[in-house]
Amino acid sequence: MANSSGKKKKGAVLVVGAGVAGMQASLDLASSGYLVHLVDKSPTIGGIMSQLDKTFPTNDCAMCIISPKLVEVGRHLNINILPNTEVEGLEGEAGNFQVALKSHPRYIDLKACTACGQCRQVCPVTAVNEFNQALDLREATYMRYPQAIPRGFTIDRNVCIGCGLCEKVCLAEAVHYDDTAKEFSLDVGAVILAPGNEIFDPSKFDTYNYLNLPNVVTSLEFERILSASGPYRGHLMRPYDREEPAKIAWLQCVGSRNINACDNSYCSAVCCMYAIKEAVIAKEHAHGNLDTAIFYMDMRTYGKEFEQYYNRAKEHGVRFIRSRIHSIEPEGECDLRLTYADEQGQQKSEVFDMVVLSVGFEVGKETVELGKRLNIDLNRHKFAVTDGFKPVETSRPGVYVCGTLQGPKDIPQSVMEASGAAAGTSALLSESRWTETRSLQLPPQRDVSKEPPRIGVFVCNCGINIGGIVDVPAVREYARTLPYVVHVEDNLFTCSQDTQVRMGQVIKEKGINRMVVAACTPLTHEPLFRETLLDIGLNKYLFEMANIRNQDSWVHMKDRQKATDKAKDLVRMSVARAALLQQLEEQKIQIQQSGLVIGGGIAGMNAALNLAQQGFSAILVEKGTELGGLARCVTHTIDGMEVQPYVDSLIAEVKAHPGIKVLTESEVTSFKGYKGNFTTKVRVGSSLEEETFEHGVVIVATGAKEYRPKEFLYGEHDGVMTQMDLDEVLRQRGAGNGNDPAKWNRAIMIQCVGSRNEENPNCSRICCQSAVKHALELKKLNPAMDIVILYRDMRMYGLLEDYYTEARRQGIIFSRFDLDDLPKVESNGAGLKVTFHDHVLQRHIQMPADAVVLSAATLAANTDQLATQLKVPRNAYGFFIEAHAKLRPVDFSSEGIYLCGTAHSPKLISESITQSLAAASRAGSFLAGKTLSVGGAVAHVDKSHCAACLVCVMSCPYGVPKINDENVSEINPALCQGCGVCVSECPAKAIQLSHFEDDQITVEVHALLEGAV
Amino acid sequence: MSVVEQLLDYSGIGRKRMALRWVSAAEGQIFADTVKELTESTKELGPFDAQAYNLQLAAVERVLQGPRVRWMTGVDLHVTERGNVYGEKVDEQAFRAMFEQSLKEEYEKALILEVLGDGPSSVREMAGKTGLPVYTVSLRLNDLERRGLADLQKFEGSTPRFVRLAA
Amino acid sequence: MIIAEPKPIDEIIDSLKDFNRILVAGCDGCVTVCEAGGMKEVEVVASALRIYFKQAGRAVTVDEISLTRQCDRPYTAQLADKIDQYDAVLSLACGVGVQFLAEDYKNKPIFPGVNTCFMGGTEEKGLWTERCQGCGKCILANTGGICPIARCSKRMLNGPCGGSSDGRCEVNKDIACGWHLIYERLKELGQLDRFETPTDPKDWNTSRDGGPRKVIKEVSRL
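Residue numbers (the working numbering), protein chains in the order written: chain A, 1 to 1013; chain B, 10001 to 10167; chain C, 20001 to 20222.
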């Protein structure tokens, strides 16, 4: 429907901020049929993530995983990148906004600039390099980082003296000193804010001596030190004398959880994990044995599989010392002394070579100004105000928010929120899909089938990931000697935008018709290089990749000679195969415009509703009798929002929407097909009738359940209950049955029951806030009540920290216990007594209590049958496994299937809603394409050899081969998924898999064993 | 000239060891006075041991031959008096301050490059030979690496040794 | 179809170890369907032979081929132009194929690469079970389509021996009692009255006991 003004909504979106969140939102929307204007005040996109070395919990290189997104954004037809631009004002309403923008002059014409770097070579002026966090300098004419998109230089007028030298040397005539600021306006339907945060400036804390002591660095500086593209080229060195440190300390919570020296009382949510990561990676970089110590208050490793990351770090020898260090004293010429009191009250002192301050997030002044100009509400910490049930909507309708402006969070959460914001936008603007977008004009494909192979080999250094171990120039020269090779080169990053352009030119110039890239993994980078081929008019199947990183440099770090020899072997194999690669054709089939959502809790309902609002239809399957899921057991959120009315209204909305079909008491009985064309049978209701649905996508939202404890007298004594039981008890208070919490003198809560132990090493994330929430409620009910919370780490991450502070302010006692000294709960008549070791008094305390509340773990629901039907993986604890922890947190590896809610891992209601919107956004982006390209690398049968033995029919997991009228097996190329099972099973060797034919594989084996056998 | 004077000061040689005066053939008195004055001041300074200042002199020469200082000297008047490419006049004080800072940095970098000519050195070794503070060497060396003039050769234990790339 | 099973590789190597030019010949017929002697198995056996000879330090040629069938002369004749290149042939066809090749190429040693087992069908992928023993006088009409010769361990003709337990044969618990199956089947068909008429003693002449057999269809002969 159109706006209140009757105007049709504009199918374009403004995304403010081009960090990882801004890019994700842009990609989702651009692929869904909207034109995206991606604005950033910096000359390039990439944000803070481009400055990181590695990312937790996978320890993937940040640039490696963001690079494909940078290139995708750079080359996406429907994304219009506007660097050096800021938003000045926003008029209008949701669906029809007019944005006033101002772009600052760059003085260099991006269309002409080839990024050759001549200008920067001659520039006489230097300035502090923000990208490397002031560890080194840059010129006035600069490019933020080597893989920058858009690719080109900028002149920083703040330091430029206007000498005119750069223009003199620029052969591309790209320098224009007469460039001016431009003001212009854009019409969009919605705005997504993803401007990110600044990091806290520790120079405010004079006791840390950050400005005086060069060996005290912030965590972001340390990332730059570790990074291959940083000032020390990835060598672990300290700034003062460039020596490799032998002892490094991390101080947590610098600029966070602090109400005395600065005003950031919140927790920055990421620093515990990044400190562990930096310690582990630093150990990898060090030549000798590096001693790493992390000084902390609570170790907040609350995310999916983060606790295991923490445990592994301990095994690697990272020391964890619970103490908040107040000062850093200089020791000797340049070392640092840290003094602290340990738990036993003993004063300890240690000297370190380097100290890293784990600085937190802070909303920058400029962002606050931006918020004012856009007329959105910011909370007292200056983060955007959002509703717990609408976590990506700002106070202004049509303006969405994602990433760290919404609150401190890590990359997976930011990426999810970005997709969530895209979902909200897509639902708002769905009527105007595809109205502003541009269409792809690919050059006609050149037919190379009659040409002999002419192979181009591109060897990647991948920063130092490959080049630091493998002798890349030697591999390059070796490649030159191989048959059919007509061109070789090596690149710093073969995946960067500039290299794509270069490769295109080289391929055209030398008539190359097969491309071999020796670099990282095809899993992340094959699509990128295939697109490069398409862009220059070659069939995308003429591409082959040798993995000399994951399969070589990363696993043979200690033996450079052997690693180089292996790289040569791998390249020789790939070149041999490339010579035999053939052009393959694909065809388009229709995508069913509907989604099956499995699970009718908050996540499932929000996903179904958003899909329907986006204009698709949804089938919501719930195995219980009612919709609502786990949320039915929660009365309030910690922010005080009422959950049941929300759930009721959500159910009503879902049931009323004509695009959603709700099936309760129903379960999936069979599932087959592939992305875009799934066929699912559902047993509907108690009638046991089966209905068949054809749909394009699946969203799994099967939820989780609370652990029923076996310990602490649960089930044996009425006074022992879980947090969910307590919720029920509080709810039933009015009904006047038995246990009235208002009459309790003392309640003791025990954290981590069923979590963070040998049986279940995971942290259940929500139990700390659940305990504090209930403790505050109990205090409100009876201010005289004594409440003690026994914990191991208080994981009140992000903005939850304020509730922890409030709880302490209200006199709730927090006492810490260790895994090897658990509290004991004993019966004491109608009451209980609890014995625990207090960490401050350093002795055991016994207290009587009227109630013991156990913060029980959140465990995965039983999805054995469903997981087998859908053929999707789960980890050892029953939670589903996403395609990539950081960059694809709601996708499964199997295409067309998405995941959200607690089925992924335990999370808050607001986080479940965000993730469900993200899943709907990803699903919607896929469905919006309407057609799918199939074929290409699929199996084909040689009829003359087919014995019609039915082995392929029996083996195919997708049920594709059929015996046709000619009595031979026939494989429909549109349905074949290219798994190759039939090829290996066929007893007559009558089936071949295109792109993986027998000769293409055996030639690789022969190339590998050349001379050896 | 002031550039050379400043460099001589940085190097510890002192600007008084050098003078440039314009005296024409018709100005005999000025010639005589100048010679007297310079002879007196030089006698006060005492003998100059050029050998002891080999390193510093080489560094001064390197700076004067380098493009950056030459260019900045050349554009001085352009940007401060005539107006730069943006049509603005850069404040003279600000320019001077920036120029002096750059000059000092260039001199320090030149010292380091000269020292590296003897062979691979660690930061502390360079500090010892040049007389510069350790952290200053660290910063200047990093700038040299960034400009492609120096590089890490290898680690000896925990100490990295650096080399000069090209003379 | 005829169900066969690959011979252990050691046995095959033992037959071929003294030869220098070997042809491995598969069959696209029954042995392909029961995954014992089709082109895939040919390639596997040939690879194993090459590895063996390489390790033994001998330069031996091992070639691969698969014929449409080895039980029809026009197909076996396809080897005629190349058989002289070899000094031994390993046939992965059933016993019929091995013998036809031996008859066609009298002076060439032909070795079997599979053990031919029985006539049966594909129960499930990878599982083939016996159904027929070729007795030559089919009585399936009387036994509800279940053969007591093939499926009863004792080849009883008039009902179970009484030794079965829970429907399983006393000879081997993994085998269903054939007569139990026949009983249940006849019950479903409503033909239990067949049990009231005993079967005549079987004329085993038509089976293997009468010596090697032949079938002639006069009208088809040229």
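Among the clues, some could well be false.
[As the list claims (entries may be wrong)] DSS-like mimics (lysine-lysine), calculated; alpha carbons at most 30 Å apart, straight line:
#1 A:Lys672 x C:Lys20154
#2 C:Lys20125 x A:Lys681
#3 A:Lys558 x B:Lys10154
#4 A:Lys283 x A:Lys8
#5 A:Lys283 x B:Lys10089
#6 C:Lys20137 x C:Lys20154
#7 A:Lys182 x B:Lys10089
#8 C:Lys20125 x A:Lys675
#9 C:Lys20082 x A:Lys943
#10 A:Lys566 x C:Lys20125
#11 A:Lys824 x A:Lys314
#12 A:Lys871 x C:Lys20125
[Stated by the list, open to error] Listed next, with one range per pair, are the computed distances between beta-carbon atoms:
#13 C:Gly20167 x A:Arg874: 37 to 47 Å
#14 A:Gly288 x B:Glu10100: 49 to 59 Å
#15 B:Glu10100 x A:Gly164: 17 to 27 Å
#16 A:Thr868 x C:Val20171: 34 to 44 Å
[As the list claims (entries may be wrong)] With the Cβ distance kept under 8 Å, some of the chain C side facing chain A (calculated, not the full set):
#17 Asp20028
#18 Thr20032
#19 Val20033
#20 Met20119
#21 Gly20120
#22 Glu20123
#23 Arg20155
#24 Glu20184
#25 Arg20208
#26 Asp20209
Since the hints were made in silico from the structure, they are not lab data. Values in this document were obtained by computation on a predicted structure and should not be read as measured data. Built from N, CA and C at the ideal position, the CB exists for glycine as well.
Do the beta carbons of glycine 288 of chain A and glutamate 10100 of chain B sit within 49 to 59 Å of each other? Given range 49 to 59 Å: violated, Cβ gap about 42 Å.
Holds or violated: is the Cβ of arginine 20155 of chain C closer than 8 Å to a Cβ in chain A? Since the shortest Cβ distance to chain A is 30 Å, the answer is violated.
Given the hinted pair lysine 558 of chain A and lysine 10154 of chain B, is their Cα-Cα distance within 30 Å? The hint holds at about 16 Å.
Sort out whether lysine 943 of chain A lies within 30 Å of lysine 20082 of chain C, counting only the CA atoms. The hint holds at about 25 Å.
Given the hint that lysine 566 of chain A pairs with lysine 20125 of chain C, does the C-alpha gap stay at or below 30 Å? violated (40 Å)
Against chain A, run the beta carbon of glycine 20120 of chain C and see if the smallest gap drops under 8 Å. violated (14 Å)
The hint names aspartate 20209 of chain C as touching chain A; please verify it with the least Cβ-Cβ distance against 8 Å. violated (33 Å)
Can you confirm whether the C-alpha distance between lysine 20125 of chain C and lysine 675 of chain A stays at or below 30 Å? Holds. Lysine 20125 of chain C to lysine 675 of chain A sits at ~27 Å (cutoff 30 Å).
Threonine 868 of chain A versus valine 20171 of chain C beta-carbon gap, inside 34 to 44 Å or not: holds (37 Å)
For the hint on threonine 20032 of chain C, just tell me whether its beta-carbon gets within less than 8 Å of chain A. Since the shortest Cβ distance to chain A is 4 Å, the answer is holds.
Less than 8 Å between beta-carbons is the criterion; does valine 20033 of chain C satisfy it with respect to chain A? holds (4 Å)
Is the distance from the Cβ of glycine 20167 of chain C to the Cβ of arginine 874 of chain A consistent with 37 to 47 Å? holds (39 Å)
Comparing the model with each earlier hint shows violations of hints 1, 4, 5, 10, 14, 20, 21, 22, 23, 24, 25 and 26; every other hint is respected.
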